[in-house]
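Chemist: Sequence:
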Amino acid sequence: MTRKLAIIPFALLILIVILSLLFGHNPTEIKQFAEINSGDTAWMLTSAALVLIMTPGLAFFYGGMVKKKNVISTMLQSFICMAIVSIIWVVFGFSLAFGDSIGGFIGNPGTFFLMNGVLEHKPWSLAPTVPLVVFAFFQLKFAIITPALVTGAFSERIRFTSYIFFICLFIIFIYCPLAHATWHPDGFLFKLGVLDFAGGTVVHMSAGLAALAGAIYLKKRTDTSENKPARITYVLLGTGLLWFGWFGFNGGSAMGANALAASALATTAVASGAAAFAWVIFDALRGKKPSAMGTSIGAVVGLVAITPAAGFVSLPHALVIGVVAAIISNMMVEWRTKTGIDDTLDVFPCHGIGGMVGMLLTGVFANKAINTANTTGNGLFFGETKLFTTHVLVLLGVIVFVLVASFILLKITDLITPLRASEDEELEGLDRSQHGESL
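In terms of the UniProt record's numbering, the sequence shown opens at residue 1 and continues consecutively.
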């Protein structure tokens with residue numbers, strides 16, 4: 001980043017500091033609400049930490065897949081989200097996602113501006129036994145990893161400064177509106193009865209579709225040399241961290257240490273294991289050797305697919321979801337290689353399609369007996385059609401919204417600061433050209 005380019009973000013950072021000093025609220029007393037449960041709070045604090053570790057896990061997962069000259073750049077694109085998204089979340093991001101609803105589509109940015117009132121506010125209505133601040137920072141970890149997921153699609157060819165600007169726009173105009181519409185009690189999609197337990201729509205579909213838009217907009221990489229993964233051991237390490245953290249991702253979305261959390265943790269374990277094995281076996285059926293990469297990708301696809309369904313389906317159906325998602329995503333990866341779309345790390349076939357499969361199969365297998373919060377109805381498997389029909393229609397709407405919004409945000413970013421690294425920068429490698437570092 002040049003000195004000239006650094007002036008604007010530095011000025012914004014100083015402005016935020018000034019606003020914090022002028023308008024930041026310092027509570028005189030933290031009220032102890034009777035309904036707060038220490039066990040639930042402890043589990044949510046643990047879950048928040050588990051979800052945060054997924055972002056470094058993703059850095060290793062993606063970093064091991066790219067060329068050696070781009071490992072640091074790819075990993076930093078995930079790590080920087082922990083810094084930037086945290087600032088946005090504290091200033092007005094949490095308010096956009098969970099503030100007072102404006103038409104069911106977005107929250108009022110002033111509701112918790114600079115986190116004012118969060119420490120002493122009553123608990124969130126859907127997480128009544130934990131302090132609001134715990135809920136707010138648990139949700140922050142979801143916001144952090146979502147734009148980080150997008151990076152795999154345009155790895156090895158995006159300028160770092162442009163990427164930073166894009167993820168700011170993505171959080172404000174795509175992630176927060178989707179989170180509000182889906183998870184806020186007054187949200188448009190929430191009122192329609194959409195079931196998204198831990199982020200199949202909000203996190204994985206939004207990231208996967210934005211990734212597809214990014215891959216199309218930035219076009220193919222200039223460096224067409226063999227895409228040999230730099231460190232498959234990094235991929236395995238990243239998968240382990242993601243797998244570990246995902247139990248907080250899904251289990252924590254029960255908002256307490258309860259039977260629903262146990263159910264979500266169990267379905268997460270079943271779906272991921274089934275998907276990992278299904279990916280390897282499906283590769284073998286097509287004449288490929290069982291690989292560490294395939295096992296890792298399969299596990300992640302299973303984790304993605306079970307995310308919207310984790311707290312709504314039974315364990316046998318979780319197994320079905322894992323296997324079906326792995327096979328479909330595997331075929332989509334193969335299809336993608338035959339197109340002109342250069343989705344570097346197959347974010348759309350794995351996260352986008354995995355999220356869509358999970359959303360649709362939630363509409364097939366959701367069981368009201370597992371989660372009483374499901375007031376829409378049972379899934380198609382049980383002979384009811386309302387939930388499945390709702391999910392199909394919302395799926396189509398989300399696809400249109402995210403794709404259109406992503407292309408607009410990519411164009412705006414490109415007009416302000418060019419997205420694409422130059423040919424020389426790309427050939428040199430982004431580690432050196434963007435960061436002056438190398439392995």
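Treat the hints loosely; a few may be bogus.
Stated by the list, open to error - Heads up, simulated DSSO-like pairs for lysine-lysine below, C-alpha to C-alpha not over 30 Å straight-line: (1) K191 x K219; (2) K289 x K220; (3) K68 x K228; (4) K191 x K228; (5) K69 x K368; (6) K219 x K4; (7) K338 x K411; (8) K228 x K69; (9) K228 x K338; (10) K69 x K411; (11) K288 x K228; (12) K69 x K4; (13) K219 x K68; (14) K122 x K288; (15) K288 x K338; (16) K411 x K219; (17) K220 x K68; (18) K220 x K122; (19) K220 x K338; (20) K69 x K219; (21) K289 x K338; (22) K289 x K69; (23) K68 x K288; (24) K386 x K191; (25) K219 x K122.
Worth flagging that the hints you see were computed from the coordinates, not collected in a lab.
Chemist: Taking the hints in turn, state whether each one holds.
Modeler: To see whether the hints hold, each was checked on the structure:
In summary, the hint linking K191 to K219 is not supported, as the alpha carbons are separated by about 38 Å, beyond the 30 Å threshold. With a C-alpha separation of about 28 Å, the suggested pairing of K289 with K220 holds against the 30 Å cut-off. Of the supplied pair hints, the one linking K68 and K228 holds, its CA atoms being roughly 8 Å apart against a limit of 30 Å. Between K191 and K228 the alpha-carbon distance is near 47 Å, which puts this suggested pair outside the 30 Å criterion.
Of the pairs offered as hints, the one joining K69 and K368 is violated, with about 50 Å between alpha carbons and a cut-off of 30 Å exceeded. Between the alpha carbons of K219 and K4 the distance comes to roughly 28 Å, so the proposed pair stays at or under 30 Å and holds. Taking the CA atoms of K338 and K411, the gap is about 26 Å. The hint holds against a cut of 30 Å. The straight-line distance between the Cα atoms of K228 and K69 is roughly 11 Å, inside the 30 Å bound, and the hint therefore holds.
With a C-alpha separation of about 18 Å, the suggested pairing of K228 with K338 holds against the 30 Å cut-off. For the hint pairing K69 with K411, the CA-to-CA distance comes to about 27 Å; that is within 30 Å, so the pair holds. For the hint linking K288 to K228, the alpha-carbon distance of about 17 Å falls within 30 Å, and the restraint holds. Note on K69 and K4: the hinted pairing holds, with a Cα-Cα distance of about 26 Å set against a maximum of 30 Å.
As the CA atoms of K219 and K68 are separated by approximately 21 Å, the hinted pair is consistent with the 30 Å bound. Taken as a hint, the K122 and K288 pair is broken in the structure, with Cα atoms around 55 Å apart against an allowance of 30 Å. For the given pair, K288 sits about 17 Å from K338 by alpha-carbon distance, which is consistent with the 30 Å threshold. Straight-line distance between C-alpha atoms of K411 and K219 comes to about 13 Å, which keeps the hinted pair within the 30 Å bound.
Straight-line distance between C-alpha atoms of K220 and K68 comes to about 19 Å, which keeps the hinted pair within the 30 Å bound. Taking the CA atoms of K220 and K122, the gap is near 50 Å; set against the 30 Å cutoff, the hint is violated. Between K220 and K338 the CA atoms are separated by roughly 13 Å; this keeps the pair inside 30 Å, and the hint holds. A C-alpha spacing of about 20 Å is found between K69 and K219, which places the hinted pair at or below 30 Å, so the restraint holds.
Taken as a hint, the K289 and K338 pair is honoured in the structure, with Cα atoms around 20 Å apart against an allowance of 30 Å. With a C-alpha separation of about 27 Å, the suggested pairing of K289 with K69 holds against the 30 Å cut-off. Restraint check for K68 and K288: the C-alpha separation of about 24 Å stays at or below 30 Å, so the hint holds. About 13 Å separates the Cα atoms of K386 and K191, which keeps this hinted pair within 30 Å; it holds.
Straight-line distance between C-alpha atoms of K219 and K122 comes to about 48 Å, which puts the hinted pair past the 30 Å bound.
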